[in-house]
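Visitor: What follows is each chain in one-letter form.
There are 4 protein chains.
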Amino acid sequence: MSINKAELLSRTVKHIDITQFDFVNLIESMEHTAFQARNLARGAKIYNQMLEDKNCSIILCLAGSLVSAGLKKVIVDMIDNNMVDAIVSTGANIVDQDFFEALGFKHYQGSPHLDDTALQAASIDRIYDTLIDEDELRICDDTIADIANSLPAKAYSSREFIQEMGRYLEQNGKDPQSIVLRAYQKNIPVFVPAFSDCSAGFGLVMHQTTRQDNHLTIDSVKDFRELTQLKIKARETGLLMMGGGVPKNFAQDIVVAAELLGAEAPLHKYAVQVTVADERDGALSGSTLREACSWGKVSVVYEQMIFAEATIAMPMIVGYAYGKRAWTNRKSREYNKIFAEQHKAATEA
Amino acid sequence: MSINKAELLSRTVKHIDITQFDFVNLIESMEHTAFQARNLARGAKIYNQMLEDKNCSIILCLAGSLVSAGLKKVIVDMIDNNMVDAIVSTGANIVDQDFFEALGFKHYQGSPHLDDTALQAASIDRIYDTLIDEDELRICDDTIADIANSLPAKAYSSREFIQEMGRYLEQNGKDPQSIVLRAYQKNIPVFVPAFSDCSAGFGLVMHQTTRQDNHLTIDSVKDFRELTQLKIKARETGLLMMGGGVPKNFAQDIVVAAELLGAEAPLHKYAVQVTVADERDGALSGSTLREACSWGKVSVVYEQMIFAEATIAMPMIVGYAYGKRAWTNRKSREYNKIFAEQHKAATEA
Amino acid sequence: MSINKAELLSRTVKHIDITQFDFVNLIESMEHTAFQARNLARGAKIYNQMLEDKNCSIILCLAGSLVSAGLKKVIVDMIDNNMVDAIVSTGANIVDQDFFEALGFKHYQGSPHLDDTALQAASIDRIYDTLIDEDELRICDDTIADIANSLPAKAYSSREFIQEMGRYLEQNGKDPQSIVLRAYQKNIPVFVPAFSDCSAGFGLVMHQTTRQDNHLTIDSVKDFRELTQLKIKARETGLLMMGGGVPKNFAQDIVVAAELLGAEAPLHKYAVQVTVADERDGALSGSTLREACSWGKVSVVYEQMIFAEATIAMPMIVGYAYGKRAWTNRKSREYNKIFAEQHKAATEA
Amino acid sequence: MSINKAELLSRTVKHIDITQFDFVNLIESMEHTAFQARNLARGAKIYNQMLEDKNCSIILCLAGSLVSAGLKKVIVDMIDNNMVDAIVSTGANIVDQDFFEALGFKHYQGSPHLDDTALQAASIDRIYDTLIDEDELRICDDTIADIANSLPAKAYSSREFIQEMGRYLEQNGKDPQSIVLRAYQKNIPVFVPAFSDCSAGFGLVMHQTTRQDNHLTIDSVKDFRELTQLKIKARETGLLMMGGGVPKNFAQDIVVAAELLGAEAPLHKYAVQVTVADERDGALSGSTLREACSWGKVSVVYEQMIFAEATIAMPMIVGYAYGKRAWTNRKSREYNKIFAEQHKAATEA
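Protein chains in written order, with my numbering: chain A, 946 to 1294; chain B, 946 to 1294; chain C, 946 to 1294; chain D, 946 to 1294.
Derived from the structure by calculation, the hints contain no laboratory data. One thing to keep in mind: the hints can contain errors.
A pair counts as met if it fits within one copy or between any two copies, since identical chains are not told apart.
[Said to hold, decoys possible] Lysine-lysine pairs mimicking BS3-like chemistry, simulated, CA-CA at most 30 Å apart:
id: 1; residue 1: K1051; residue 2: K990
id: 2; residue 1: K950; residue 2: K999
id: 3; residue 1: K1018; residue 2: K1051
id: 4; residue 1: K1269; residue 2: K1119
id: 5; residue 1: K1018; residue 2: K1269
id: 6; residue 1: K950; residue 2: K990
id: 7; residue 1: K959; residue 2: K1269
id: 8; residue 1: K1269; residue 2: K1099
id: 9; residue 1: K1119; residue 2: K1018
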């Protein structure tokens, strides 16, 4: 099968704009029904409770490929409207997809039934029903290498490096609708605990290989330390999780880490997870939030598993909370500053 | 609900011993049936092909909680019989579960229906139907901190640190049936790309916090660099994957990384994945191996998705290959040595 | 655990009213995204195409427990607005849930975490997170027996018996918002191919047992014959399927049955299925609509699988089509009349 | 894509023979592990308990496409060795697949990736990765019509009609390894509650259409009545269920039906279900056996859900019980005789 690359890469994914729809009455109707519609409604209401709770800091966890699937603007709207205080994500969402689009590239609509061998020959990468121009992805890798080459050779948390990516976009970005850029400008920390596991990995491997003796490193322990620090500072927290994987585990773990450091850190007070996984294989992604309670991580009072796919569920949950406008009374917590201050303190000492 | 901790923690998980069963005829019968039995049989045969292929290095990917679920000996048998050349895993399997058991602790049989609030009060952690004594897990965290405290303060790959954990166990371990120990002794590299996302993270956060100015770091880029080096050295490779997540992505990515470094690295020639996930949410864990072909990572000739849960499927796949005895002609590749040699070269230069 | 029945049965399930929401722009936005949101949007648009296609008769298939879950009004709105021409369902939806509510009973909100042994002791039946008063369900069984006792002892299709249930409700019903009642009044046939597999079965077993020599029977072949006749009459057809099971299979099969009877019956021209099942176990519920094409049942041009749960997806699909208003130009096909005419013809002959 | 039919239909599905393997030690090892391996082991042991329990009658429920997938001999071995006392199934297993093979036809190995439009053109039907010659299936339909044409025109339960199919095979069958034939010879009742929903439906629609005024009918109420009678006669019962759907519901319901008829019928004492479905959509197929307890159908003492696909799990469960040999002490219950006796009594009266 021969493939016309230009034709295949012609219909761009357009990001859904939750500010254009009214989800409030719909969600409130769904609350009176059953099954996942009710779970979805309850989850949306718990997220809104987090926004209403003056003392609650909100951590958004993102697994899977949400940005390429058209959910970028949902997340940008959360950032812009003080609906989130920290983000923990897979690298795919933050680097391959958001940073990639901020460089001016796009994702395209395809189909799960395309011939993958033919796609490979045409340098087109497929994610279920979306397509990426592999040549553009290589430019993204190179840009990461360039940023790394421009920085002092020391150990960075992924959060610190992603801040540098935001700084880069402020100068060189081509699309202001960017999670990395807006989080940078609003001082919202973005963590990618498995930072090499994406386009960033490719760029940084090139950086380290070309600079054997003078390269930066990404210290995953520092990530964990910083997020734990944030928990200690924030005290009360809520988790809004799209998918499972490392982001879910990482964000849940900080309660225990804070405790080990001698801090008084309450369980995550609120927790909502959207997932298509289930608990049958004992893996974390589908494990219930009740199970997380046995580990001393999550309270069972305000927890909700929603068995749904995020492209449908996330706009409805965030759209509901957007429509309820509790966020209008929230202040930006600008948690990136706590790390800067600490850094400053350390430097001055 | 009040809980009797001693009673709850009384039935230990016992690891299944595939060397005691004959899976060869069963798998060959299943090949003539349909659905997942046939997929399982085809996957087992592809794994055996990897063992028969003199040029093929085998990378085992482990996600989820396999070791606590009784699959530890399957993996140890693979190591002992030259049935695997590198391991990429979640931290849970390697640190919280294998290293933990090597320290003399156990996992216990429970039930998914226990009251998690009561478990939390009793310091018992639950994974679906298995239980862990949280106090023992804290000792595991502390041991990691102790090991870190004993090492020079530099940037380590997770592989390097896990080697140190193996060295520690050789001195102090209480159970010789250990993946970390046996991999160390056989020079088989073990990578945990999200190394902070487990008990190791807790130990290392304590290490870094108590040694603000003189601590080691875990460089996730170095992990990626090392595994890519291994790919370049190995050339032909096969993936046997239990679950998806970061290990799957990480191991698939090295083909692209090798290419970016200018090396001629063929696609993974063989790929088998056991998972209960499906492709509907566009996430990597359930994405088909055909999709990975579009990314230039996996060949479609010898690939097989098996939709099954690993506690059932893994013993059958590995047991089949064990029974076929192609491994008796395989040599240990001892890939840890390529990193040591490189290190030595660098030191001498 | 002791249970307060009155307290448990206090929060009624309220049926969602799609006429109150605007789904048009939302669905059209989702069409530009990916994964299941795009599948949902494409499915909604195909359903709307069915409504726009003057020659297309629409068969709605209902599996699972949709009515007790709050979707009754969605289906009633479809009937009232000429958005459906025939219904094929499980007995649960039609008898235990719709007819049951038409008798004046309700479904209640519960939780999946209740103690089922305690529920049993209190005569409360649970469906995931909804509850039913078992004593009221027994009244529903008895009413079916009463209706059967009042009818001539002959072989009925489920459709014929359900018409009699509609006639009964017109006299004795307590809630006009009923699928059985409204379908009766609009002459829309409702088939339940496994009619004994629900409350109707209990009622009819009592009827037959008390009237050993003078009872009616439910001839499942007649059902299949009638639905095939409808296909022959309708020629062009589209399927909108919630869940899989017998309704999906039954409705797909009529294309082949019509052919076997020597009629020229085209493939189902349109087909949309909402399901959480997948194809891995080879069962029909999750089998793709492409697979149905190999059987000569469904065309592949306008087919869409949507991997989502019906309580979320159905209101969005039907709500979109409601908002597009193509139904305003549709006439009621009143297919019940073709069976009446045939009956009349037979009687007169 | 053009297709070579003879080549595609060349590799036959061969039925797995559990009597050739030793599953006892494997299952007993799996009992000490976790997740689905432990669930599988517990389920196998509960099935063996049913066989050991002198008072327990065993009902086997079969949904999905198990016979075409290579599980026919497992079921025939259960019949031959008094390991089952009644069968409730979808029509696909019993008519399209078992009866079909008994007529001398075969199922073939294919792939889920074939082009379904091309298959349709070649009159090949696909079930996931298996293929059927549609022309042969039409012969199966015709044979059903022939059998119907040869019988007195009255109301039959599916069980009665399937007995006639067994009688037909005894004369005309080409493969003695048949569920329908062996169940007939051993007087084991086989129920297909949605009997029109398969090849039988096609044959019977032709029968009724060609004999408008003189045809038999299939009374689904009679099925329910007979199975309830069996429950009343048997008193203590256990369910072994492959998949969910109508067979699961139907077999569970007889406890309630018996009660309604004034009989003292205990809950199903044992219940094991193998399924890949889960409870998230509130549908019966994935509903937990605990939920069935709330309905007064199943006891929670010996119940086990096994989340696995039947082609892998069923041979292991039945193979384990076969190996334990409790069946050697069981007598054949020959429940078909209770219906014959009743019939005789009715005739004599």
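Visitor: Give a verdict on every hint.
Guide: Now the hints, each set against the structure:
| no. | hint | result |
| --- | --- | --- |
| 1 | K1051 x K990 | between (33 Å within a copy, 25 Å between copies) |
| 2 | K950 x K999 | neither (51 Å within a copy, 38 Å between copies) |
| 3 | K1018 x K1051 | within (14 Å within a copy, 41 Å between copies) |
| 4 | K1269 x K1119 | neither (32 Å within a copy, 37 Å between copies) |
| 5 | K1018 x K1269 | both (18 Å within a copy, 26 Å between copies) |
| 6 | K950 x K990 | between (44 Å within a copy, 27 Å between copies) |
| 7 | K959 x K1269 | both (25 Å within a copy, 22 Å between copies) |
| 8 | K1269 x K1099 | neither (44 Å within a copy, 50 Å between copies) |
| 9 | K1119 x K1018 | within (15 Å within a copy, 48 Å between copies) |
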